[in-house]
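Residue numbers (UniProt numbering), protein chains in the order written: chain A, 1 to 383; chain B, 1 to 383; chain C, 1 to 383; chain D, 1 to 383.
You may find that some hints are simply not true.
In silico lysine-lysine, PhoX-like type, Cα no more than 20 Å apart, as pairs [to be verified]: (1) C:Lys16 <-> C:Lys103; (2) D:Lys200 <-> A:Lys200; (3) A:Lys383 <-> D:Lys200; (4) D:Lys245 <-> B:Lys245; (5) C:Lys245 <-> A:Lys242; (6) B:Lys242 <-> D:Lys245; (7) D:Lys242 <-> B:Lys245; (8) B:Lys122 <-> B:Lys54; (9) C:Lys329 <-> B:Lys383; (10) D:Lys329 <-> A:Lys383; (11) D:Lys167 <-> D:Lys211; (12) B:Lys211 <-> B:Lys167; (13) B:Lys329 <-> B:Lys122; (14) D:Lys383 <-> D:Lys291; (15) C:Lys54 <-> C:Lys103; (16) B:Lys122 <-> B:Lys211; (17) C:Lys291 <-> B:Lys329; (18) C:Lys200 <-> B:Lys200; (19) A:Lys16 <-> A:Lys103.
The set of hints was computed from the structure by calculation and includes no laboratory data.
Protein chains: 4
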Amino acid sequence: MDLITRYQEVRRRTEKICSYLQTEDYVVQPVVDVSPPKWHIGHVTWFFETFILKPYFMGYQEYNPDYNYVFNSYYETVGNRVIRTDRGNLSRPTVIEIYSYRKYVDEAMEGFLCGEISDEVKELMILGFNHEEQHQELLMTDIKYILGHNPLFPAYNRAHAAPDMEKVVSDDFISVNEGIYEIGFTGDGFCFDNELNRHKVYLNAYQISPKLVTNAEYLEFINSGGYQDFRHWHAEGWDWVKTNKVEAPLYWHNIDGEWHNYTYHGLEQLHLKAPVTHISYFEAYAYASWKGLRLPTEFEWEAAATQFNWGQRWEWTESSYLPYPGFAKAPGAIGEYNGKFMVNQKVLRGASEVTPPGHSRITYRNFFQTNLRWQFTGIRLAK
Amino acid sequence: MDLITRYQEVRRRTEKICSYLQTEDYVVQPVVDVSPPKWHIGHVTWFFETFILKPYFMGYQEYNPDYNYVFNSYYETVGNRVIRTDRGNLSRPTVIEIYSYRKYVDEAMEGFLCGEISDEVKELMILGFNHEEQHQELLMTDIKYILGHNPLFPAYNRAHAAPDMEKVVSDDFISVNEGIYEIGFTGDGFCFDNELNRHKVYLNAYQISPKLVTNAEYLEFINSGGYQDFRHWHAEGWDWVKTNKVEAPLYWHNIDGEWHNYTYHGLEQLHLKAPVTHISYFEAYAYASWKGLRLPTEFEWEAAATQFNWGQRWEWTESSYLPYPGFAKAPGAIGEYNGKFMVNQKVLRGASEVTPPGHSRITYRNFFQTNLRWQFTGIRLAK
Amino acid sequence: MDLITRYQEVRRRTEKICSYLQTEDYVVQPVVDVSPPKWHIGHVTWFFETFILKPYFMGYQEYNPDYNYVFNSYYETVGNRVIRTDRGNLSRPTVIEIYSYRKYVDEAMEGFLCGEISDEVKELMILGFNHEEQHQELLMTDIKYILGHNPLFPAYNRAHAAPDMEKVVSDDFISVNEGIYEIGFTGDGFCFDNELNRHKVYLNAYQISPKLVTNAEYLEFINSGGYQDFRHWHAEGWDWVKTNKVEAPLYWHNIDGEWHNYTYHGLEQLHLKAPVTHISYFEAYAYASWKGLRLPTEFEWEAAATQFNWGQRWEWTESSYLPYPGFAKAPGAIGEYNGKFMVNQKVLRGASEVTPPGHSRITYRNFFQTNLRWQFTGIRLAK
Amino acid sequence: MDLITRYQEVRRRTEKICSYLQTEDYVVQPVVDVSPPKWHIGHVTWFFETFILKPYFMGYQEYNPDYNYVFNSYYETVGNRVIRTDRGNLSRPTVIEIYSYRKYVDEAMEGFLCGEISDEVKELMILGFNHEEQHQELLMTDIKYILGHNPLFPAYNRAHAAPDMEKVVSDDFISVNEGIYEIGFTGDGFCFDNELNRHKVYLNAYQISPKLVTNAEYLEFINSGGYQDFRHWHAEGWDWVKTNKVEAPLYWHNIDGEWHNYTYHGLEQLHLKAPVTHISYFEAYAYASWKGLRLPTEFEWEAAATQFNWGQRWEWTESSYLPYPGFAKAPGAIGEYNGKFMVNQKVLRGASEVTPPGHSRITYRNFFQTNLRWQFTGIRLAK
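Pulled out of the complex, with its shape left as it was, chain A reads as follows (with noise of 0.2 Å):
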């Protein structure tokens, strides 16, 4: 697929997400993780004009200086920036204003990329491509949030497809050998460089589930007294679920006695045989502790990860998020990327079921801080 047509095709896909908010609904931030989706809009533009339209499109015109300051994420290399916690206490640039600037900048790139394009600017055109079907996803996660926290608990659209998953897989462990296995990416495709150097690890035998911890087992866990029982937690997850006064998953609730969960369809009574999410790593693991069982590593799940169906939640590890050995950062601010989160955090592995089509692989790195749920997290188990 050529570069323009890639290019539309993701843009379009973002806006298509949006397409069912209210102009309302892009605007607020009910927690710090969560951005609002006009930010998300302006963001991912500010991405590319940042990163290729200003040092790459001689004659480039920037839309608009302040822009910079609103629409930068992170990257202490490009300035100063509105403080996370502020996303949601800025009612302009207008939602109107902000598509604005979009369009400006999509026919700027449409004539960008008419030109020759060099293998370094493709390389970022990639990597501009992967980075808005992140925010993609984290669009998904974070409207729902906004629409699931407020008291009204509006659906998103009732017609939104949600993946069948309820299939019936074996229960029956997988068995893997003790050995050298080969972990990281290799091939021509895109990856990120946190999936770099492909490198050996050397795994004990072990075995993995082929399938997700379900909502019903969960509800046993639940019902078992499993977060009133300090043994299965690790301190800090203890303190947390004290803390917080945490009683289940993020989105459900009990009403009369009766659990529903907060979905794209608004509160519906929960789906027992679907597989629980939006739980945090702690509650992963003292899941698996009350099982007698654990989480697998990240090399432990891609080394397995052809044996089984994966893709509709994120799975929690064991595994640090770490550098694998060799690992650079990128000068400049894409060294920025993924490079200085490489602390306090855990990996992730597969996809969910709002990750874009394509998006991932089995050598995805995903990681986020033992305490979050927002996302669709789930539960795979080893032994």
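Based on the hints, put chains B, C and D in the right spot on chain A.
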């Protein structure tokens, strides 16, 4: 004026104020004291629905029971409500939905007011008008905060008619004799319960300035190191200055050595002759102390107020907000209107450039915490 | 009494109070408002060294310049100091070292006082005595907090003579006529600057109780749900109750259904006839409100105080702590004594069971923030 | 060595460490991570009482049931306890009382150890020795913090024998070949559960420095602006630097342009040749990044540790603290020893100048949060 006409006038004035806003401006809450404009327009509507229509209009059908939760401000009597810091996290109900709610209630009110209205309800109606007028003033100051804290400094309305505040007023202090003075509301019109009962106070001889402190005068205080010299400040005020790194009134910006301030027209050069505004009680006190003078008490203010012009700034007094002798809270939710705030706040007297016409009077008592600055506060000196 | 004798008496009284302590009791600071006893005994010594010896005793050799940093309380004029929350983090100087410092200063003072003493210094000496007496009271209440918050509930001194507070007092309210009253100190003896100037106030007719509210009466308030009913509370008091889960006065413990409280003798059954104590202003106000009565103003209290017994409890008044007409701060550090605290505090009148004999008087004004409870506060009702 | 002799040696070593303290030094807790020395000496005693005497010594009479509440550290299994931040708020039990408790338990232990000791108890005894040795190290670092944060900078012990750390070590990095290495404890002696199981890891070829980074080298980092350049830091580390205004290692003081640091002898000029210490993981990482190098993983460290000297500093590694394959918590309270901390901490390897002799070994895994600096941490580089 009959009740229907008055009702329509008040309601239209609120809508006129909001007519200059973009949808996004209705949504955000950049600081806890500021409420989103859409919350204000819903809340004043809920006030009429809750205190007039539901108890007194037979057959009235509540618009949406969830709105009670969304638009209750602080009436414990009326039940649970969105916590104040969450008002800016709600994208729904949308602005359009709230205007529909407004319309529904307005139509019901107009129907109701065609019937016979008891004196008790009439009193509540007049309280409702005054309540909505208070929110009109808050709307103006909250909108100023929302736009004035946006990095793009958008104007509210470039045609907004700012009052002329640069008239020359005599510098001679007004002398008032020692003696007994009567304080508090008397007469037939409306007053809030906190203006009652009218009672005697004994005042020592004092002098009070006929004019407000100007920006030029306040600038002298800044330039002479007023914000760096603890001797002018209360201990608590000095902590506030240091913790918040306060160096000037709210909305003042020193750009390349020149003072500007944000107004409804956007960022402008500071008007030196205008009365200083957006200062906390701590600053008002420190300024007076630096001058070797003091703030008047609310009684001194009221006893002399016929002898000077007022109405441009809410004027900080030295008086704490306390009940007058014989003050009694009304029964029920209306009793929560004023009394429960009578601790750790200071009285302000007068009115401001955004007070609705006819809303204030010489006995009117406004009140705020000592650190707040987003109202059009000002300084009048006494000795 | 001559100055030396008075000096020695005051100093010995402080040491007597501390004679029941273990070394460890001198060190800790379980809450910011409480200072470690060793800090108190150093600070009152530093007061004489700083304000008498250093400026007025020629040839006086400062004991240790670092102690200025360690023992300054809040005098910005005198320079930097250990931040208040760090007082309990300092193991050095040790108790023995501080007593050596005390001895050194005492010897110097006794030498100094043998010479001619100017009226100016005499005044400072008397301020120093009163200052140390205030710290004697704080020592008693801080020690109570330190021991009373220890899980072992050690007694301070089992032989401590608690005053008899169970005398029967008439229930009949005292009636006071409307009119002008003179308020503030007059006479030859010592008073603090905040008791001046004597001035006239106009009081409406009122009634005031000759007795303090007892534990038995306060228990009725608790048992009737007083801590669960928002209607009795200020909005800020209600937040305080809920945030801190307050359910009874400080030091009350419900053990197996029976109320106990911690006293200088250790944990004891609650004395029902004793006046309630260790309640915040918020609680005093709520109790009065529940009774359908109110707290007196400080002026009402002073105008009637010859007609009832006082001195067992510091009594919360409805008055905010504000300057009297004509109040002026003294120049220099001594000017920081009172004036800079005149905001957001309430006046208490009377004295308490741990006030040094002769320290208080009818015009004495104590003051604390509305949430504080570690003093021997109490409730007298008015209407 | 028999158990009694070993017991007595360990116990005496603890008391020797405390013999240089004043009573007051035993009491304070200037930061949450530091425990008061009196708490340490009570807690290690409670450990023997709770895990040996109470379950295994028939007829043993518990010293004081309240001490379980006071001296339990983090064992949820054993019941409630003083919250960690309150340890420094307890003046009682006094130091003398705790030494009496110590003596009582020591006598009981000596009686107990005269009898037949099962293998199970023997293992617990050895755990108790190692536990007390860990607290000896903490005592040394907590005492340093207590005295080193006192404005008087008292010495702990002027005769304290600081190890010679200025021996010249080669600058040549040690090269290690790619391949499979065995990691984890093997042999007969004691190890903690977190050192098991011994297992294979695959390492890429790497180089590791035979020497620790010195103060002189770290000073170059400071002088070249290392604390002002975000590029060397993790995002979370950069936040930490800015929030806490960190500009140098803990205990460093720039006095009139010359660097000093606090040691057990008091404030001294910085020893340039000594290995840098009291730095956080964030700083260790930033230093390595500034050098264009990196920290070793704990596996790289262990595989090479026979080829260099270690034992002066706890050395930060790049490895997160995670369970080894096959790790299982012990049942009961002892199972809370290590496992529940295996999240969001980094592994340190080696030992420090205050580690008790014989306490550490090549497979020993220490662990701390990434921001902590009060241990004798250091930096060894790898590439």
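Hint-by-hint comparison with the structure:
{"no.": "1", "hint": "C:Lys16 <-> C:Lys103", "verdict": "15 Å, holds"}
{"no.": "2", "hint": "D:Lys200 <-> A:Lys200", "verdict": "12 Å, holds"}
{"no.": "3", "hint": "A:Lys383 <-> D:Lys200", "verdict": "17 Å, holds"}
{"no.": "4", "hint": "D:Lys245 <-> B:Lys245", "verdict": "16 Å, holds"}
{"no.": "5", "hint": "C:Lys245 <-> A:Lys242", "verdict": "17 Å, holds"}
{"no.": "6", "hint": "B:Lys242 <-> D:Lys245", "verdict": "17 Å, holds"}
{"no.": "7", "hint": "D:Lys242 <-> B:Lys245", "verdict": "17 Å, holds"}
{"no.": "8", "hint": "B:Lys122 <-> B:Lys54", "verdict": "15 Å, holds"}
{"no.": "9", "hint": "C:Lys329 <-> B:Lys383", "verdict": "15 Å, holds"}
{"no.": "10", "hint": "D:Lys329 <-> A:Lys383", "verdict": "15 Å, holds"}
{"no.": "11", "hint": "D:Lys167 <-> D:Lys211", "verdict": "10 Å, holds"}
{"no.": "12", "hint": "B:Lys211 <-> B:Lys167", "verdict": "10 Å, holds"}
{"no.": "13", "hint": "B:Lys329 <-> B:Lys122", "verdict": "19 Å, holds"}
{"no.": "14", "hint": "D:Lys383 <-> D:Lys291", "verdict": "10 Å, holds"}
{"no.": "15", "hint": "C:Lys54 <-> C:Lys103", "verdict": "16 Å, holds"}
{"no.": "16", "hint": "B:Lys122 <-> B:Lys211", "verdict": "38 Å, violated"}
{"no.": "17", "hint": "C:Lys291 <-> B:Lys329", "verdict": "14 Å, holds"}
{"no.": "18", "hint": "C:Lys200 <-> B:Lys200", "verdict": "12 Å, holds"}
{"no.": "19", "hint": "A:Lys16 <-> A:Lys103", "verdict": "15 Å, holds"}
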